[in-house]
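Those sequence lines, one after another, are chains A, B, C, D, E, F, G and H. Per the working numbering, the first sequence starts with residue 1, numbered consecutively. Per the working numbering, the second sequence starts with residue 1, numbered consecutively. Per the working numbering, the third sequence starts with residue 1, numbered consecutively. Per the working numbering, the fourth sequence starts with residue 1, numbered consecutively. Per the working numbering, the fifth sequence starts with residue 1, numbered consecutively. Per the working numbering, the sixth sequence starts with residue 1, numbered consecutively. Per the working numbering, the seventh sequence starts with residue 1, numbered consecutively. Per the working numbering, the eighth sequence starts with residue 1, numbered consecutively.
Incorrect hints may have been included.
Label pairs and their calculated CB-CB ranges [unchecked claim]:
(1) C:D22 <-> F:D148: 55 to 63 Å
(2) A:E47 <-> F:E15: 32 to 40 Å
(3) G:K90 <-> C:V150: 48 to 56 Å
(4) G:V150 <-> H:R144: 42 to 50 Å
(5) G:V150 <-> D:K25: 34 to 42 Å
For the record, the hints were derived by calculation from the structure and aren't laboratory data. Backbone N, C-alpha and C fix where the C-beta goes; we use that ideal spot for every residue, glycine too.
This is what each chain is made of:
Number of protein chains: 8
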Amino acid sequence: MSKIAIIMGSKSDLETMQETADVLKEFGVEYQMRGLSAHRTPKEVVEYALSAKDNGIKVIIAGAGGAAALAGVIAAHTTLPVIGVPIETKSLKGMDSLLSTVQMPDDIPVACMAIGKPGAKNAGLLALEILAISDNGIQKKLERYKKDLVKKVKEIRL
Amino acid sequence: MSKIAIIMGSKSDLETMQETADVLKEFGVEYQMRGLSAHRTPKEVVEYALSAKDNGIKVIIAGAGGAAALAGVIAAHTTLPVIGVPIETKSLKGMDSLLSTVQMPDDIPVACMAIGKPGAKNAGLLALEILAISDNGIQKKLERYKKDLVKKVKEIRL
Amino acid sequence: MSKIAIIMGSKSDLETMQETADVLKEFGVEYQMRGLSAHRTPKEVVEYALSAKDNGIKVIIAGAGGAAALAGVIAAHTTLPVIGVPIETKSLKGMDSLLSTVQMPDDIPVACMAIGKPGAKNAGLLALEILAISDNGIQKKLERYKKDLVKKVKEIRL
Amino acid sequence: MSKIAIIMGSKSDLETMQETADVLKEFGVEYQMRGLSAHRTPKEVVEYALSAKDNGIKVIIAGAGGAAALAGVIAAHTTLPVIGVPIETKSLKGMDSLLSTVQMPDDIPVACMAIGKPGAKNAGLLALEILAISDNGIQKKLERYKKDLVKKVKEIRL
Amino acid sequence: MSKIAIIMGSKSDLETMQETADVLKEFGVEYQMRGLSAHRTPKEVVEYALSAKDNGIKVIIAGAGGAAALAGVIAAHTTLPVIGVPIETKSLKGMDSLLSTVQMPDDIPVACMAIGKPGAKNAGLLALEILAISDNGIQKKLERYKKDLVKKVKEIRL
Amino acid sequence: MSKIAIIMGSKSDLETMQETADVLKEFGVEYQMRGLSAHRTPKEVVEYALSAKDNGIKVIIAGAGGAAALAGVIAAHTTLPVIGVPIETKSLKGMDSLLSTVQMPDDIPVACMAIGKPGAKNAGLLALEILAISDNGIQKKLERYKKDLVKKVKEIRL
Amino acid sequence: MSKIAIIMGSKSDLETMQETADVLKEFGVEYQMRGLSAHRTPKEVVEYALSAKDNGIKVIIAGAGGAAALAGVIAAHTTLPVIGVPIETKSLKGMDSLLSTVQMPDDIPVACMAIGKPGAKNAGLLALEILAISDNGIQKKLERYKKDLVKKVKEIRL
Amino acid sequence: MSKIAIIMGSKSDLETMQETADVLKEFGVEYQMRGLSAHRTPKEVVEYALSAKDNGIKVIIAGAGGAAALAGVIAAHTTLPVIGVPIETKSLKGMDSLLSTVQMPDDIPVACMAIGKPGAKNAGLLALEILAISDNGIQKKLERYKKDLVKKVKEIRL
């Protein structure tokens, strides 16, 4: 059963959000991916958010661009941790997505990531860190993953 | 029966949105004002948006600040014209509210106004212009109002 | 007779504003498109704005970039609803167009859309929503259009 | 007869534009000040711009804030040099006024100054520099004025 | 034993971060608050981050302003979820703090909140949502808290 | 003898500043173009600025990018009107050039144009407008040029 | 004999630049402070920069606001290390000063500090770090100063 | 023995930081280049910073992008002068890197350069200027280098 949900509102977001999926796959953690838009399928978003906890979801990751309401609207309907990924946009390069995702009013937290692919990958890692609090297997893998980061940097041949 | 709805999500928005109410009052057009938040009362927002047309509402005006999802979420649930007023915020001075209100994805239009009180007043006037298309009485008043603007500027004693 | 006017000031705006025309065509609503610039043909702009209502125009949509005065200048001369589309610009990516369009002073409303093509398409849809208040045929089509949005999102194969 | 015109669209701009008037007074050069708004008195603006040259005006200075169309609209109707002063605004601190004044399309030049009072004073000085090209008296005074700037800085007691 | 750590680098951050503490107190969840700076006490930050998990900490919340490295540096040394609160700054109003907190490179997630007090309060709530995944008592309280938000909005007397 | 000087500090500015030269050529007005940099050839800049008036120059146009000090430094050494063209830059797209050119302190006016080529062309036109105050021939050509702008817009085939 | 120069162009910069002086005084290192403006006293700036090295100056610190050319112009005339402090401005809060100071073209380095007082204090400390490379006494004091920073943070009573 | 260290945290920074290396090579000054990341190899960064002075390093240059903590973290652990180069980023074009590098809190100076390659080259030159204070050979070369800048500009054929 999937513990992590990856939501996005437009086909063009998929290239970015694939980074989230890839890191979860790398860790062997199941996820479900859904096309849901706060603006185009608002009812489905509400239903999904309201039933997520009962369906075993522990963390919801939402990617959206421009006037990016998706993560905030999901957070409005659930007490699960919600992670928002601001998608890079054509004109404003994701500054619009970033401010619409991060500047949430008090009482409705959204964990905002960096704009674009680095943010999408980190969304997956943060979800894993959250699960790892009560899952020793993921914890171990995260610790190994962190150690391996050193290698990446050392590969820089100067 | 009210033809114009004024919605806002927080007490602190009232000082701004009163400008909308005042200009509608000046024109003698009925409105209803509601406290509804896309993030704190999401179900009520959806219900309100879905039933607005049947309740005789012709135009919905929504004021919100920060990650301002309110106007967009209402627009997601109705085919009535929706006008968004970006409320000035403490840190980013409404730049966050502006981008979250105006950068709507295609298919879900929101008519965005200027940040703060000038935008709130103009939201009322735009709603009146929309009603005036099929209401000659309002049309007349708008034309007189426009003529009187000249006086305001001429009052500048230099 | 055209009820909707689409105005732009430069050839390079046409690619963007074609989105407005396309959505109106899709709805079978007549429009007229004009090349008029607040800076290069200021007299023609004023004449057009002053006579639009008598010519049967109900809504004016104006696209402009940079120091984008077009929508505001038209709004200065008419009580018809005016919708502004900020065109993306080479250096500042439309942030200049956006602020020049949206930050209107009180008393002169302009309904500002998103930067670029999404904004241009939404300008057409907002004009249709405005007409739909007193035109049941357009209202019906808008409701169907909104329902079909769900399909677009569901097409996301994940 | 006044050779320099100072135009502004709102009472609140006067505090800033008084700087322009003061520096012209200091140089003993006549000016006329007018309340004219591109948005609230658009016809008067056009008439003023069209007749300015015949009325002996050599340089027009226009102060405006927000979606600041005034300088650009005047420049659209005259071949006189037009100087624009972006007035500081409440929310965006004049960044909106600046971009709406400076980002003019090609063919319609506006000489943009700094935001607020320093810009207003410099607008007066630039107008004087322009007149000085064919007016030796003003030229002399400008050279003396420039020399005196040294004193201002030397007064800094450290 | 404290499960949540609140870290900040300067006395002036305390007024903001008190919001985090207050909401945790309201939920009856223990926390520890520490003055630790990535720039002024870098060794202590590293030691704290490295030992946090063994000391029973489940979530670390870090508030910092300007070139806000604190949350990122902590995240570099732990696999615990790290939440960053960008503190409002004097000149740039927290835009600097926001970008330094949110634009993390891939592999090192930081959950960024809104600038200032709303972000600080939400940091506390997000930490609670994370704990609630494996703590039914907190889950219940969060659900009640969410329901009570409706009342706050309804209190708006219009 | 050249009445207009076009100055720039780097080879890469030439593509932009050629627009200034082209419009002056179109009007048959002589100009001189110089490579001079406030940062790389500071002495030559000062000498040029100090001697420009005696050499018959009436208006100086300076193009520079990034920390664009050129126009301001020239203006510091002369009472001739100085026009600044902010060159588009690689990272910040000319926002840096714009602010460094336009935000001059009081007492040292620089007439700032739009970023990039539109600004460069307008710099030439503004210089012509300044000369036209005491040169009827240029005045006539400017009036014809303005009339022809109407044709450019009318060429938009819609 | 002073080894460090503190330069500023306007009386209003003194409040900020006093921070630089204070930290140098605290370290017992002599400095000289001068009122010199790239725009108002350009000749004096050039003379000062050209003779600084021969006068025993090792590091020059320049504070300026708005179109802040001072540090760059000094760097253009000397091979001494130049440190720039962007002064906070009224409208744009120092974003203009920052970009005009930091975005220097290649070949003319300026060491840019943070906007305002923190930057002014750090300018003094950086100058000390530079002198400390060949001055063991200052090196010792800097190391003690760094150790004492820990205390400042520990004073936070939580 | 290397007196200058060039540090960077990611392979993609190398293209930019090569500019630093190239200018040092041109001056015949030895440097060492290391791949070290504040976020991915935090322990190695600390060790490197703590031992740099004993290893004969006089100046440390650090290039980083996004939430660029590298220069600041190094500065936290050493009293050597630290120069920060903000690397251009994909979405925000280095504005994030710039603010994270330059907006350092007081007591921890970082000498910030321009975004990208011009900044990287200037970092090398500033390091040379710092060494030149007590190294006459480098001083001579810097003076010759500065004189040669004049030629670069004169090569502009206009």
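These are the hints, each one checked on the structure:
| no. | hint | verdict |
| --- | --- | --- |
| 1 | C:D22 <-> F:D148: 55 to 63 Å | 32 Å, violated |
| 2 | A:E47 <-> F:E15: 32 to 40 Å | 56 Å, violated |
| 3 | G:K90 <-> C:V150: 48 to 56 Å | 50 Å, holds |
| 4 | G:V150 <-> H:R144: 42 to 50 Å | 45 Å, holds |
| 5 | G:V150 <-> D:K25: 34 to 42 Å | 59 Å, violated |
In summary, the structure is inconsistent with hints 1, 2, 5 from the numbered list given earlier, while agreeing with the others.
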